[in-house]
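Just so you know, the protein sequences line up as chains R and B, in that order. With this note's numbering, the residue at position 223 of the first sequence is 223, and numbering never jumps. With this note's numbering, the residue at position 176 of the second sequence is 176, and numbering never jumps.
Any given hint could be a false lead.
To be verified - Using 25 Å as the maximum straight-line C-alpha spacing, the simulated SDA-like pairs for lysine to any residue come out as follows:
1) R:K187 with B:T61
2) R:K131 with B:I11
3) R:K187 with B:L194
4) R:K131 with R:W102
5) R:K131 with B:D189
6) R:K187 with B:W108
7) R:K131 with B:D188
8) R:K187 with B:L21
9) R:K187 with B:A78
10) R:K187 with B:S66
11) R:K187 with B:L67
12) R:K131 with B:T107
13) R:K187 with B:W128
14) R:K187 with R:G211
15) R:K187 with B:E193
16) R:K187 with B:G62
Read the hints as simulated data drawn from the structure, not as lab findings. Every value quoted in this text rests on a predicted model; they were computed, and no experiment measured them.
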Amino acid sequence: MGSTSAGRAAAATIALIAIGLLTWVFVKPADNETAASAPSAASAADDRVPNGIDMSQDNNVRDDTITNNEAADSDATPEPTPEPLELENFGARMSLDNLDGWLNTDITSLDDLNGQVVLVEMWTFACRNCKARIPYNQQWYEQYKDQGFEIVGVHAPEFSFEAEIPNIEQALIDLGVTWPVALDTNKRNFHDWQEGRTGYWPRSYLIDQNGDIRFDHVGEGKYSDLEAAIEHLLDNPPAPTS
Amino acid sequence: MGALVEGIESITLVCSIVLFLPALGALLLGRRPGLLTATWIMTGWLMAIARFALVWTEPATGARHSLTGLLLVGLAWAAWQDGSTYNVRVAIDIALVAMTSALVTWTWVPCVGSELGNIINGARTDPWPQVLPTLLFMTGLFLPMIAIAAATNAWPKLADIIDRWYVRRAGIALIALVGALVAVTLYDDVAAELARRSSL
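Using the sequences plus the hints, can you model the full thing?
The following block contains the structure:
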């Protein structure tokens, strides 16, 4: 363990930390859409082109989720013709089974919401990334609830203190969660819904009026894409299936 | 670079606690901390990308998970014996650290920010472009481990402290405890208690 190698190791560590800190300071505000930066309708609208697609995060758009042709050319002409939003159909949703109850609602099954656009979100109240999505959900719930939109939070706790109902009820109050919450204490649905029984918090599924999954996203972000998908489904409900 | 930053941010997430307790045990093993840290991160990286790409879909519950916890206890016992030559002991340490990292990354259920979300969403359809971002994320997540390993190189006195037999045995005991708790499916509960006490 010579002094030269020790010096190199120390220098490399300092350089790595410095790069991280500089990136944190200079890059983060530009490439992240955080709860602190854009929960309001005005700010969300500012970074969107007329067809409703968020241009600030086009690298986040999963190609098999949303297709919006030539969105990147939005500044080429003053009045671009909006292309219709095309949402992938990921197939029929699963049901929510073996739950430990519901909070904030009288419904007892996801079937009770058939015919509505439903955002199903896997979350747990101690998860910071899950909490970051809540201001957006609040905004959409207020804005679209009367148009046939509903949110169902599937509360799947990681730790035992997150499984205690009084703690969950207090968290719903503290966080301002007013939409129905399904208690998935044993995380059966949390794992069953996610392919390969993987599990991520948060995970968002947008269900159309026929019960098909039309938007699927892991983690924070893609808020404008999700809002565009909600608006699209509310304005263009799919043809009813038998 | 955003993945590296989000990895650093994730150090404070309650969801990451299950990774850090055994990482501390790996650092306390003493010999070759730089090599062991690299082994830890590379193994965790491979397991993470395998999970994100749905190559590894074995649930972190049930008999196989518990059995892996027991195997980890066995490997920790082998490391505890401290016999044979130096090279063999280092090889046992590397195997112990690799197995621990794989087990806890398998057990880990991440809280997902926007960068890690991009990685996971992308890896489901095309994993290869997500390989490097995943490595950056894991590097950021274990930056404290890298810093401590580098510090042992920079300050030989610190290396001497970590190299003491009782510190090493504390590290082995910590890893064995993690393996035992995984085997009896109590590891998450212990991590929860740590999370609660640390008020994260």
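Hint check:
1. R:K187 with B:T61: With a Cα-Cα distance of about 12 Å, the restraint between R:K187 and B:T61 holds, given a limit of 25 Å.
2. R:K131 with B:I11: The hint holds at about 17 Å.
3. R:K187 with B:L194: holds, 21 Å
4. R:K131 with R:W102: holds, 19 Å
5. R:K131 with B:D189: At roughly 22 Å apart (the allowed maximum being 25 Å), B:D189 and R:K131 satisfy the hint.
6. R:K187 with B:W108: holds, 15 Å
7. R:K131 with B:D188: With Cα atoms ~21 Å apart, R:K131 and B:D188 stay inside 25 Å; holds.
8. R:K187 with B:L21: holds, 24 Å
9. R:K187 with B:A78: Violated, because 36 Å separates the two Cα atoms, which is more than 25 Å.
10. R:K187 with B:S66: holds, 19 Å
11. R:K187 with B:L67: holds, 22 Å
12. R:K131 with B:T107: holds, 22 Å
13. R:K187 with B:W128: Cα-Cα ~30 Å, so violated.
14. R:K187 with R:G211: Distance of about 22 Å is within 25 Å: holds.
15. R:K187 with B:E193: With Cα atoms ~19 Å apart, R:K187 and B:E193 stay inside 25 Å; holds.
16. R:K187 with B:G62: Holds. R:K187 to B:G62 sits at ~14 Å (cutoff 25 Å).
When each numbered hint is compared with the structure, violations occur for hints 9, 13.
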